[in-house]
Amino acid sequence: MLELAGKSPGMNAGNGTFSIKTPEGWTKKDTVMSRIEYTFMMAPKLEGSPFQANVNIVTQQLKEGFTLEKYMESTRKEMESFFSNYQQLGDGERMVTDVKAQWMKCQYKHRESGLMLNAQVTILVKNNITYGITLTTLHNELDKYSPALEVILNSFTTK
Numbered sequence: 271m272l273e274l275a276g277k278s279p280g281m282n283a284g285n286g287t288f289s290i291k292t293p294e295g296w297t298k299k300d301t302v303m304s305r306i307e308y309t310f311m312m313a314p315k316l317e318g319s320p321f322q323a324n325v326n327i328v329t330q331q332l333k334e335g336f337t338l339e340k341y342m343e344s345t346r347k348e349m350e351s352f353f354s355n356y357q358q359l360g361d362g363e364r365m366v367t368d369v370k371a372q373w374m375k376c377q378y379k380h381r382e383s384g385l386m387l388n389a390q391v392t393i394l395v396k397n398n399i400t401y402g403i404t405l406t407t408l409h410n411e412l413d414k415y416s417p418a419l420e421v422i423l424n425s426f427t428t429k
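Numbering of the sequence shown is given in our numbering, commencing with residue 271 and proceeding in unit increments.
These are computed hints drawn from the structure, not numbers from a lab. Please note: incorrect hints may appear among the correct ones.
The list that follows gives simulated cross-link-like pairs (lysine-lysine, DSSO-like), each with its CA atoms no further than 30 Å apart [what the hints assert, rightly or not]:
hint, residue 1, residue 2
1, 333, 414
2, 299, 396
3, 315, 333
4, 333, 299
5, 429, 396
6, 429, 379
7, 379, 298
8, 333, 375
9, 347, 333
10, 340, 315
11, 414, 315
12, 347, 414
13, 333, 429
For each label pair, taking beta carbons as the anchor points, the in silico distance ranges come out as [to be verified]:
hint, residue 1, residue 2, range
14, 397, 317, 40 to 48 Å
15, 364, 397, 27 to 35 Å
16, 317, 294, 33 to 41 Å
17, 302, 428, 17 to 25 Å
18, 318, 429, 15 to 23 Å
19, 317, 429, 15 to 23 Å
20, 312, 428, 21 to 29 Å
21, 320, 363, 15 to 23 Å
22, 410, 312, 17 to 25 Å
23, 358, 317, 14 to 22 Å
Even for Gly, the Cβ is constructed at its ideal location relative to N, Cα and C.
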């Protein structure tokens, strides 16, 4: 899935066009995996935990004919087909620094580790670029890390 996404036209179009605040105690790292440029923010590692909660941000030029709603639906379908035990837990709309965004919460089984994970995906479109901001945690830990996600979303600005 990542290899295909990395080859998508317009992938990484918004790289370098946004700024965010890293939550206190978290670390920020820009990296490339399968041709996709990510901004990762990692929560402090918890002793004995098999997973480190994180937020990643990816960007892509909005495809012709797509809307925020179509992009979110496409993202949901991709996740549903890629992850085993995928289940959507909720969805809705919100504002991210004066821009309408859509969000969805889900759970799924991580392919490599077999761990059950939760994710909250928030997508917004500005200047024809989609920004996908995803919080990933261990199963049932979304609420624990929601304040950190709010720091990121409330500080998100585009250039």
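Query raised in the report: Which of the listed hints are broken here?
Result: Failing hints, ascending: 1, 3, 6, 10, 15, 16, 18, 19, 21 and 23.
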